[in-house]
Amino acid sequence: MTMLRACVVLLSATALLALPACGSRQKLTPVEGTAPAPKAYGAPMIATPDQLLTPSTQSRPERNVELRRKSEARADDPFDLPPE
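Using this note's numbering, the letters of the sequence shown map in sequence onto residues 2 to 85.
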């Protein structure tokens, strides 16, 4: 049982030491001798990394967080049908 415990401790320590290496914040550079990514079909030009990382308004729409000040009756829902 102590051998199993030693293995678990060793694996845990290895994982804790390797985990910080996953969060590298260095700037990515292309590998020498490789071609850049091709232009997307239908796109007028090749997108820059900043353009690719900026979310569109469709993927991150603005939220309406207007609070209700009083109770309001719900509108009739034609799809709220009883089970058959």
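Source of the hints: derived by calculation from the structure; they are not laboratory data. Bear in mind that the values here come from a model prediction, so they are computed numbers and not experimental data. Beta carbons are placed, not taken as given, at the ideal position from N, Cα and C, and that holds for glycine. Certain hints may be false.
Here are the simulated lysine to any residue pairs, SDA-like style, with alpha carbons at most 20 Å apart [to be verified]:
{"no.": "1", "residue 1": "Lys40", "residue 2": "Ser57"}
{"no.": "2", "residue 1": "Lys40", "residue 2": "Arg26"}
{"no.": "3", "residue 1": "Lys40", "residue 2": "Leu53"}
{"no.": "4", "residue 1": "Lys40", "residue 2": "Thr30"}
{"no.": "5", "residue 1": "Lys40", "residue 2": "Thr15"}
{"no.": "6", "residue 1": "Lys40", "residue 2": "Thr55"}
{"no.": "7", "residue 1": "Lys28", "residue 2": "Cys8"}
{"no.": "8", "residue 1": "Lys28", "residue 2": "Leu54"}
{"no.": "9", "residue 1": "Lys40", "residue 2": "Gln27"}
{"no.": "10", "residue 1": "Lys28", "residue 2": "Ala7"}
{"no.": "11", "residue 1": "Lys28", "residue 2": "Asp51"}
{"no.": "12", "residue 1": "Lys28", "residue 2": "Gln52"}
{"no.": "13", "residue 1": "Lys28", "residue 2": "Ala38"}
{"no.": "14", "residue 1": "Lys28", "residue 2": "Ser60"}
Between beta-carbon pairs, the in silico distance windows are [stated by the list, open to error]:
{"no.": "15", "residue 1": "Phe80", "residue 2": "Met46", "range": "50 to 56 Å"}
{"no.": "16", "residue 1": "Ala14", "residue 2": "Glu73", "range": "35 to 41 Å"}
{"no.": "17", "residue 1": "Tyr42", "residue 2": "Leu5", "range": "51 to 57 Å"}
{"no.": "18", "residue 1": "Leu5", "residue 2": "Lys40", "range": "52 to 58 Å"}
To see whether the hints hold, each was checked on the structure:
Distance restraint check for Lys40 and Ser57: the Cα-Cα separation of roughly 18 Å lies within the 20 Å cut-off, and the hinted pair is therefore satisfied. Between Lys40 and Arg26, the direct Cα distance comes to roughly 27 Å. Violation of the 20 Å bound is thereby established for this hinted pair. Between Lys40 and Leu53 the CA atoms are separated by roughly 12 Å; this keeps the pair inside 20 Å, and the hint holds. Restraint check for Lys40 and Thr30: the C-alpha separation of about 19 Å stays at or below 20 Å, so the hint holds.
Between Lys40 and Thr15 the CA atoms are separated by roughly 42 Å; this puts the pair beyond 20 Å, and the hint is violated. Annotation: proposed proximity of Lys40 to Thr55 holds, straight-line Cα distance about 17 Å (limit 20 Å). The straight-line distance between the Cα atoms of Lys28 and Cys8 is roughly 36 Å, outside the 20 Å bound, and the hint therefore fails. Distance check on the hinted pair: Lys28 and Leu54 sit about 14 Å apart at the alpha-carbon level, within 20 Å; holds.
Restraint check for Lys40 and Gln27: not satisfied, since their Cα atoms lie roughly 25 Å apart, outside the 20 Å limit. A threshold of 20 Å between alpha carbons decides the hint, and for Lys28 with Ala7 the separation of about 38 Å lies outside it, so the pair is violated. A distance of roughly 12 Å separates the Cα atoms of Lys28 and Asp51; the hinted pair therefore holds under the 20 Å criterion. In summary, the hint linking Lys28 to Gln52 is supported, as the alpha carbons are separated by about 16 Å, within the 20 Å threshold.
Proposed proximity of Lys28 and Ala38 is supported: the alpha carbons are some 17 Å apart, at most 20 Å. For the given pair, Lys28 sits about 25 Å from Ser60 by alpha-carbon distance, which is inconsistent with the 20 Å threshold. Range check, Phe80 to Met46: about 44 Å between beta-carbon atoms, so the 50 to 56 Å window is missed. A hinted range of 35 to 41 Å for the beta carbons of Ala14 and Glu73 is inconsistent with their spacing of about 58 Å.
Evaluation of the 51 to 57 Å hint for Tyr42 and Leu5 yields a pass: the beta carbon distance comes to about 54 Å. A C-beta distance of roughly 55 Å is found between Leu5 and Lys40, which places it inside the suggested range of 52 to 58 Å.
Checked against the numbered hints given earlier, the structure breaks hints 2, 5, 7, 9, 10, 14, 15 and 16 and satisfies all the rest.
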